[in-house]
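2 protein chains.
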Amino acid sequence: MTEKYVYSFDEGDKSMKKLLGGKGANLAEMTTLGIPVPPGFTVTTEACAKYYELGQKYPEGVFEEVREHVKKVEEKMGAVLGGENPLLLSVRSGAAVSMPGMMDTVLNLGLNDKTVQNLIDKTGNERFALDSYRRFIQMFGDVVMGVAHHDFENALEKVKETKGVEFDTDLTAEDLREVISEYKKVVQESAGKMFPEDPFEQLKLSIDAVFSSWNNKRAITYRKLNDIKGLVGTAVNVQAMVFGNMGETSGTGVCFTRDPSTGENVFYGEYLMNAQGEDVVAGIRTPKPISQLEEVMPECYAQLVKIYQDLEKHYKDMQDMEFTIQDGVLYILQTRSGKRTAPAAVRMAVEMVDEGLIDKETALLRVDPNALNQLLHKQLDTIAKDKAEVIAKGLPASPGAAVGKIAFTAERAHEMAEAGETVVLVRTETSPEDIQGMNASQGILTSRGGMTSHAAVVARGMGKCCICGCSDAVIDESSKKLQIKDKTFTEGDWITMDGSAGEVFADKIPVKDPELSGSFGTLIGWADEFRTLKIRTNAETPHDSEVAKGFGAEGIGLCRTEHMFFEGDRVKAVREMILSEDVEGRKKALAKLLPMQKGDFKGIFEVMKGLPVTIRLLDPPLHEFLPHTDAEIKSLAEEMGVTFEKLKEKVDSLHELNPMLGHRGCRLVVTYPEIAEMQTRAIFEAACELAKDGQDIVPEVMIPLVGHMNEFVFNKKIVVETAEKVMEEQGTKLKYMVGTMIEVPRGALTADDIAKEAEFFSFGTNDLTQMTFGFSRDDVGSFVPEYVEQNILENDPFQALDQSGVGQLVKMAVEKGKSSRPDIKLGICGEHGGEPSSIDFCHRVGLDYVSCSPFRVPIARLAAAHAALKNK
Amino acid sequence: MTEKYVYSFDEGDKSMKKLLGGKGANLAEMTTLGIPVPPGFTVTTEACAKYYELGQKYPEGVFEEVREHVKKVEEKMGAVLGGENPLLLSVRSGAAVSMPGMMDTVLNLGLNDKTVQNLIDKTGNERFALDSYRRFIQMFGDVVMGVAHHDFENALEKVKETKGVEFDTDLTAEDLREVISEYKKVVQESAGKMFPEDPFEQLKLSIDAVFSSWNNKRAITYRKLNDIKGLVGTAVNVQAMVFGNMGETSGTGVCFTRDPSTGENVFYGEYLMNAQGEDVVAGIRTPKPISQLEEVMPECYAQLVKIYQDLEKHYKDMQDMEFTIQDGVLYILQTRSGKRTAPAAVRMAVEMVDEGLIDKETALLRVDPNALNQLLHKQLDTIAKDKAEVIAKGLPASPGAAVGKIAFTAERAHEMAEAGETVVLVRTETSPEDIQGMNASQGILTSRGGMTSHAAVVARGMGKCCICGCSDAVIDESSKKLQIKDKTFTEGDWITMDGSAGEVFADKIPVKDPELSGSFGTLIGWADEFRTLKIRTNAETPHDSEVAKGFGAEGIGLCRTEHMFFEGDRVKAVREMILSEDVEGRKKALAKLLPMQKGDFKGIFEVMKGLPVTIRLLDPPLHEFLPHTDAEIKSLAEEMGVTFEKLKEKVDSLHELNPMLGHRGCRLVVTYPEIAEMQTRAIFEAACELAKDGQDIVPEVMIPLVGHMNEFVFNKKIVVETAEKVMEEQGTKLKYMVGTMIEVPRGALTADDIAKEAEFFSFGTNDLTQMTFGFSRDDVGSFVPEYVEQNILENDPFQALDQSGVGQLVKMAVEKGKSSRPDIKLGICGEHGGEPSSIDFCHRVGLDYVSCSPFRVPIARLAAAHAALKNK
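Note that the protein sequences, when read in sequence, are chains A and B. Count the first sequence with the numbering used here and you get residues 1 to 872, in order. Count the second sequence with the numbering used here and you get residues 1 to 872, in order.
This is chain A alone, in the form it adopts within the complex (with noise of 0.2 Å):
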């Protein structure tokens, strides 16, 4: 018994993708719903893996199998492969993942010089039938023969040329005679073989050509890429040909059974009369609206609208449909789930789910995480958009839209912004003394610095609109100039960026604020009821913890204390710390600090109502809250009165190699103990004196950069004597935690030890990806490009957590840390806590929350709900 390879449309439906590829599937369930499909068959996706086990041959009885379902086609069509009548096919690839990496299409198969005659017999359309003939020619040259498509494409200019013609639709019937006569010898010269005139030759090569594009090196680097596994091989579908251009009752179109780009359920799409599919594509003639079909072929268009409702029911989904009318009788050559905008996306979801077409599961699946961004921030008018010129791009940094006037420093933003002007600010880059000028601005713009330079984490923190790495954009802070290829700004000049794209514009252009329209209240509401992970915020201003909130954060994950330390005049109290000869002199300068890292606190516990608020002890390196030029070093010194070479050596004594591995988080602690004293002094005055109103506060106090147990113990104790003190002083007792930040790889390789002590981790993994690639994140600039584009990274791994090596660390720490403490307290804020693939993964590992930047809670929470529903 020989095995069968080839499938009628009428034998198969949609579950049979695996065998039949996703096309074929397709084409059977609509065949099999009494769908006017042209009829067809499809070749066996088992088919192409026996034709890679016999060393590319056919199996044995395939193409007898073909020949006896070319045969049904003819009966179904009244027509006959190489007849008088001829039946033409169209020959696709389809696997059971769509990939475009392989062959495509063959149209048009069946004709040579004999079939092309009885074609203008029976249409008595010469032009039509020649021009088919030419085009098939082509594309069986080029797909099925390997001949160079710009070989055909001089022979047709030349033709062109000879009868002085313009345009391809300006050949006479005769010209295009001397173009297939041209394209056979182009055929015979460059592949060394004749164009097979025989029709089943010219399948059978077809078929041959779809299974070898299987393992073409297109076909293996896109499997590769997009992670595409077992797949035995891909299918062919040979079908009937019906043509839109066969007269005024012909015509062919495009539909969607809702609006893609809006949701609104309402059909939508356009047609032509008297064409073929890619003259809707091609633009040379405007499609008109679906909705008037409705005149013109009125019984078609009825037929049209029940098909189409039909198919959302079936499909439960959103379909793009292709059709095609020939001599008044309508097919639908294709339908597939439509593509659609972000809104559209949420809209569709939540009112199919009130039709009671979907339920919210489905709902909640059918809209993707990452999509919501669009939806969060500013964006640009799309028609003066449009209209307008991008005279730059950069990164997209932070979506969202800002227009504003040029600053080129921090102050001058804040200045400005002070005297009432919108500010876009604009630098080489920025750094932690920038804080108050970027908060100040609509939008930020950098030259240098890639999607996790200071800029870029600061910016989406803040929700704000951000373009890095816009190396188009030479800026000269002191001249105070911005120059973008021949265009100079200065100072108060008018500029637009759009975050989402890395785009720049020059002056202004409208801007409209997000529609948080229902529709999305609801969806993500909805998330909610599906989610087992917490979603928190990281945020270290009232104002931000406020917008979180509103955003449905359940607590902070991350509230950096440096962030606070360069606020108005206090960066000068902590210099006069860092300056301190002894620790009485650095008690002095940390007793200023206290009242305003109290009020801080205080300002945060009370917008969070009893909500967690995690709090990262300081982290950054000394240094940094020191200038570094010697100019600056200068005029600092001038203020503080201190001599410039006292200032200096503290400067070059702080200096570090490489900081980021340096003398930073716990490890200052160690050295100063008085700063994570103070530290939790604020902390705890400021609870304890909430507690007093009747606030349930529980601090979580976080230790940074912990990679050994002993580090740990020893800042914790600080932190607990300290607390303890306090509340004996405030008469007043609270529950607290202590826990570490997991961002270091010895810490996570030691989270049993670090457990017994640690009352939570929190995975930091902008830090423990720095250390686990070995890649500074403000220096990879100069090769991940590269490494993407060799594809040597399929994603930066700053933007998407490396699942298979930082990801076993994080896994790694998770298993640790609950064998030594099994109700550890586990969540994540590096800025993978908003990315819905590495939401996933911590869902997956059995962490309790994720925090994320305040404008991708929403998008964590939908991730959050895909991840339980995928992993269900």
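Keep in mind the hints are simulated off the structure, nothing from the lab. One or more of the hints may lead you astray.
[Claimed, not checked] DSS-like, lysine-lysine: derived pairs with alpha carbons at most 30 Å apart:
(1) A:Lys-646 <-> B:Lys-733
(2) B:Lys-634 <-> A:Lys-648
(3) A:Lys-217 <-> A:Lys-122
(4) B:Lys-717 <-> B:Lys-733
(5) B:Lys-646 <-> A:Lys-648
(6) B:Lys-163 <-> B:Lys-14
(7) A:Lys-217 <-> B:Lys-717
(8) A:Lys-224 <-> B:Lys-756
(9) B:Lys-717 <-> A:Lys-224
(10) B:Lys-204 <-> A:Lys-646
(11) B:Lys-717 <-> B:Lys-646
(12) B:Lys-717 <-> B:Lys-756
(13) B:Lys-204 <-> B:Lys-71
(14) A:Lys-650 <-> B:Lys-650
(15) A:Lys-229 <-> B:Lys-733
Predicted model, so just to flag it, every value in this text is computed and none were measured.
Following the hints, put chain B in place on chain A, whose structure we already have.
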């Protein structure tokens, strides 16, 4: 049935250390051997454990057992505790492992106002008896009753003042009676209790005190620091006192069964007649050589000789013994394995094998591999050194001695050496550009940097004396001045360094060459019979390779090609390459380097004659080859004929915030494949040419800094393609290997993937430690010393491999690597490859070889033998 808690010395032996403690077991062993040991007994460690179980109370029956054993001692000594002929006792602690943190000793127990008189009567020596009594009160008051030592000192001083005497020994019997009376008052006042007159009360309290000292803070800390676990408590040894100060037929001494400083097989030691043990130690009277005892007390001497010979034969090791002669009767108070110098250890070990006393395994284990350091470098003449003044101390970064004239720049050092001077290079810190000058110098002194700074690492590699981080040395390179406290040195001044001690001297001190004595060679030869680890060396010149081979290196484990780029004029070509705008320019510059690199490799291959040579492709970031200050850039720009701006721009564009985590290693090759092409070509042209001369070369090409399999694949492809091309050109076919460093945590985590392509792994534990801890070894000076001091870290992890953190990654990579490629070749080339505890780890995880600097090769050979023997 009550348990047995007390053992007479004649009831135990040396196998009972766990129960009787080390001291008790040895006393029992000697007793059993028939050696004259003053009688006594041991209260077991189990009694101590029970004591704690009961909440610091004596277990029932213990003191009754003690009383019985006291009776036996009384019988043996013919004296009675508290009696007419008073028995005096010593009480000492003694755990299974020696623990200086515990209570040590109470002597003369049993004295009180009555027995002191009996003692006077019996000995006729009033002063001796009274002095013993006052010493007892002081010791007992101090260690048992917690009276402060200085309270006794004050009382003593007061009496001495009143009497107008300077030395204790000048006090008369009458004076001593007054001291005793004062001492008792001190006890009463300070402890709030009377000094106990009852000898059994004294004994009970003393045993109590020993038990309590087991859990005092010092002892707990000591156990923690030395990782002493599993001990249940301390034993207490109670022994009859004997007196060497009872007249001219009494005496006391210390002796060794061989000379502990040379190892010569002679009886060695010193004694004093009419003296107590502490007199020998105190140095008030000069002891006499042991040989002279033969004349004074020939019988005792003969007995002592017999005993020392027996004891050495019995313990099969050189013994350090304490003896006392009381009234012509010899007693041995203690025997233990004696401390010895490195040369002595080696000589004894080898000679004892020759004598048939021990086997080779034991001999090898007797010598601490680290101690061999003393044998492998030039040393200062001990006598001259002892007379000289240490003017500054720094870190002992690389051992050995150096005497030379000061040079403040590498260029001057080179020039001076060329002119025939011996030079010491003195710099704030060194950089790769200084290599030539370092090579030309006898030693290197830096004011900054730690044990793994550039200067330290390179100097150790060169086997050159180096002192780093000598903060007392204020170096002004521009004015060519070295200031050490009040001394100023200028160029050409003589200076002497002891790199093993980190000591700096003014002027010249004579130097001795290392003595590679015959025993040393023999011992290391034996090591080779037992070790399974191969030993390779880190070397990049024919000279270093030669030295290492002389020391027994079996290949090169790490040849760092970047060091070659700094030699002579080469750096010019390197800079030309860096400044090139395009691939062509880079290739042109690289072509200039090719013949030089090829020469390097040829030289090394020729020395190594078929032994494996692992060559690492270029590792450091390119900016290391460019100057950094404006002045240097200006001068180089002139030299290269480019504008200052252009060079400055390049330097700025290559600048990295964290170069350690930057654009280096295999990442360079992704951007500039032509560098790897040139290096591979150089390796294979060299190897092919030698192969044609009949040499057997198997190059091992090593790709640095691999964190992802794709990086390795990218690099390997270039190496393989170039190698195949060169071999085809040369018409020669060589075996070769391509492998990688595992030095990035992600490399270890994904070693199974990488091993699919890599034929060998070499663990780069320097960088692996940096990234696993998040410690920049250039910057840890600001906190790691504090970490070690605060016991946060036991060791500097750059010296001894951190087995619990970094070691986990190594182990994981070994297992994963073998899972993909069972025959993968595994080695280590970080600095840890020459450190014994790390070598033991490497043996245990199953590496094939360790690679270390040439001068550590003998140490590694011995350490590898230790590892094999200890882990049998």
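These are the hints, each one checked on the structure:
For the hint linking Lys-646 of chain A to Lys-733 of chain B, the alpha-carbon distance of about 65 Å lies beyond 30 Å, and the restraint is violated. For the suggested pair Lys-634 of chain B and Lys-648 of chain A, the alpha carbons sit about 24 Å apart, so the restraint of at most 30 Å is met. Restraint check: the Cα-Cα separation between Lys-217 of chain A and Lys-122 of chain A comes to about 42 Å, which exceeds 30 Å; the hinted pair is violated. A threshold of 30 Å between alpha carbons decides the hint, and for Lys-717 of chain B with Lys-733 of chain B the separation of about 18 Å falls inside it, so the pair holds.
Restraint check for Lys-646 of chain B and Lys-648 of chain A: satisfied, since their Cα atoms lie roughly 28 Å apart, inside the 30 Å limit. For the proposed pair Lys-163 of chain B and Lys-14 of chain B, the alpha carbon gap of about 50 Å is over 30 Å, so the pair is violated. For the suggested pair Lys-217 of chain A and Lys-717 of chain B, the alpha carbons sit about 18 Å apart, so the restraint of at most 30 Å is met. For the hint linking Lys-224 of chain A to Lys-756 of chain B, the alpha-carbon distance of about 17 Å falls within 30 Å, and the restraint holds.
Restraint check: the Cα-Cα separation between Lys-717 of chain B and Lys-224 of chain A comes to about 19 Å, which is no more than 30 Å; the hinted pair holds. For the hint pairing Lys-204 of chain B with Lys-646 of chain A, the CA-to-CA distance comes to about 63 Å; that exceeds 30 Å, so the pair is violated. With a CA separation close to 34 Å, the supplied pair Lys-717 of chain B and Lys-646 of chain B exceeds the 30 Å bound. Annotation: proposed proximity of Lys-717 of chain B to Lys-756 of chain B holds, straight-line Cα distance about 14 Å (limit 30 Å).
A hinted pair counts as satisfied when its Cα atoms are at most 30 Å apart, and Lys-204 of chain B with Lys-71 of chain B qualifies at roughly 15 Å. Our distance criterion of 30 Å between C-alpha atoms is met by Lys-650 of chain A and Lys-650 of chain B, whose separation comes to about 29 Å. Of the pairs offered as hints, the one joining Lys-229 of chain A and Lys-733 of chain B is violated, with about 38 Å between alpha carbons and a cut-off of 30 Å exceeded.
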